[in-house]
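Q: When you get a sec, could you build the whole thing from the sequences and use the hints?
Residue strings, one per chain:
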Amino acid sequence: MQQLITTLLNGLTMGMVYAAFALALVLIWRSTRIVNFAQAPMAMVTTYIAMVLIEGGLNYWLAFILALLSGFVLGAFVERVIVRPVEGKSDINAVILTLGLFIVLHALAALVFGSDYKSFPAPFGVRGITVGGHSLAITPFGIFTIVAVIVVMLLLLLLFQKTDVGLQMRASAFNPEVARLLGVKVSSMLTLGWALAALVGSLSGLLIAGGNLVHPGYMDSVVVFGFVAAVLGGLDSPLGAVVGGLIMGIALSLVSGYLGSGLVSLAALLILVAVLLVKPGGLFSHASERKV
Amino acid sequence: MLDIQGLSVAYGPVKALQDVSFEVPTGTITAVLGANGAGKTTLLRTVSGLMRPQAGRVTLDGTDITRMAPEKMSRLGMAHVPEGRGVITELTVEENLRLGELGRARNGDPVAIERMWEMFPKLGDRRAALAGSLSGGERQMLVIGRSLMATPKVLLLDEPSLGLAPRIVAQIFDLVRTLVDEQGLSVLLVEQNARSALSIADLGVVLNLGRVVTTQEAGALAADEDLRHAYLGF
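Chain order of the listed sequences is A and B.
If you count by our numbering, then the first sequence holds residues 22 to 313, one letter each, in order.
If you count by our numbering, then the second sequence holds residues 11 to 244, one letter each, in order.
Calculated from the structure, these hints are not laboratory results.
Errors might be hidden in some of the hints.
[As the list claims (entries may be wrong)] Partner residues are not named here, just some residues of chain B that face chain A (Cβ under 10 Å, in silico): (1) Gly59; (2) Thr99; (3) Leu185.
[Unchecked claim] Calculated from the model, a selection of chain B residues having no Cβ within reach of chain A, i.e. all distances over 12 Å: (4) Lys25; (5) Ala122; (6) Val179.
[To be verified] Which chain B residues face chain A? A few, computed with CB under 10 Å, are given here: (7) Arg85; (8) Leu101; (9) Glu105; (10) Arg114; (11) Arg156; (12) Ser157; (13) Arg221.
Please read all numbers here as calculations on a predicted model, not as lab measurements.
Each residue gets a CB set at the ideal place from its N, CA and C atoms; glycine is no exception.
A: What follows is the structure, encoded as structure tokens:
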């Protein structure tokens, strides 16, 4: 029983991280039809930025927020400078660009920050909370992870549903041409979308890093699990990304806890195959209307 | 109000419009008629900035808008209702209208959304529904309502009758005529349904293979049997 609870709590925490990462992928896919494979190394770079700031003596939380902001700026930069020139060309061009960026950022990070493992500080204890004499798998940092992701998601929901900018962003994603005719600056909305996505991706990077070892490739497994989570939920659906992330987190944690941690990647692959066979559009897809 | 001079547009080597000139006077409906492929939609897309012309000039109320980006047009008072309705199906009815309001012309007075519910009670009943769930007629009402929220001076309408029942077409055309008469709107209407279009238009422009065949008063055009048979199919 205790092992089950431990496994589920672990899964929930990781699930929130995958959810955030999947959401970052969905935000970009929805507006530009690009799977941003560089999301992981972009988050890795911002984590290193946070680490350098903290090692330089800056307050943890200030560094955390600055790293998120640097993710925001990096996302906008990547869209404007790297993706923009291939806009309107075949989608595969942009995808290959993001793969290239993946490799370049990896190499740059290894050059600038070194390719060895470094420990990233955590602001809270990373030892389990004790309840009634039993030590649970949920740590104060795990609780922070869950709360931080929920808060960011609620803020995004408010932005998209309740503000004019959010409405214009959704219009740009759903129907860029009509949005332009209605006076929406679609290209600015795309930049903002990439920036927000990179911010959310950076959040997941920082949350995984907290209390762990980081190296230039530490986010690479997350891009796989986050991508499967996004496909599972439906690449078009932010809600699907969150649910997909949680399902992935819990499922992989169960596999790791009961079957062996070596099977986690295989399980992720099986989930991906199962989704593509049974419901290729994902759990939350709605068949899009045919344009006549 | 809207002045089109010597407009030429090409898709690669294919000339879609050649030396097209005519004017949309203030407070009138100018109908551009012609068969499929005559260049009608290209004309509207060029006027609203979605396509770049090879040559020619478009002015809106004296301002040269020839190569202006489409997203700047709504602030100048131009609303383009594209072919196939152009509602954003994934947004609600109310959100579609709010989008229109966000692009309101610089000197336009805000239109209360309640005004739209009065004008289109059916939309009011379904304000929280996704626009994709509306019928074709309701969608056409919604896009017209949405452009009114932007307080335009010039309305570009691309095939509003497409795929609608004759009764609904009559309703929509009546509405457009009323808007022109009551609010002084200027309308550039592109239609394949020449008979209905001429019944509400002031001027008619006949396009054939990208060239203007003739520009006449709508009544005179409707009465010219040879032209009608040759180009308008009725």
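Q: Determine for every hint whether it applies to the structure shown.
A: Each hint tested on the structure:
1. Gly59: holds, 8 Å
2. Thr99: holds, 6 Å
3. Leu185: At about 20 Å, which exceeds the 10 Å cut-off, the nearest Cβ of chain A leaves the hint on leucine 185(B) violated.
4. Lys25: holds, 23 Å
5. Ala122: With a cut-off of 12 Å, alanine 122(B) remains clear of chain A, as the shortest Cβ separation is near 17 Å.
6. Val179: At roughly 17 Å from the nearest Cβ of chain A, valine 179(B) sits farther out than 12 Å, so the non-interface label holds.
7. Arg85: holds, 6 Å
8. Leu101: Holds: closest Cβ of chain A sits about 6 Å from leucine 101(B), inside 10 Å.
9. Glu105: Holds: closest Cβ of chain A sits about 6 Å from glutamate 105(B), inside 10 Å.
10. Arg114: holds, 8 Å
11. Arg156: holds, 7 Å
12. Ser157: Because about 8 Å separates serine 157(B) from the closest Cβ in chain A, which is inside the 10 Å limit, the hint holds.
13. Arg221: Interface hint status for arginine 221(B): violated (26 Å vs cutoff 10 Å).
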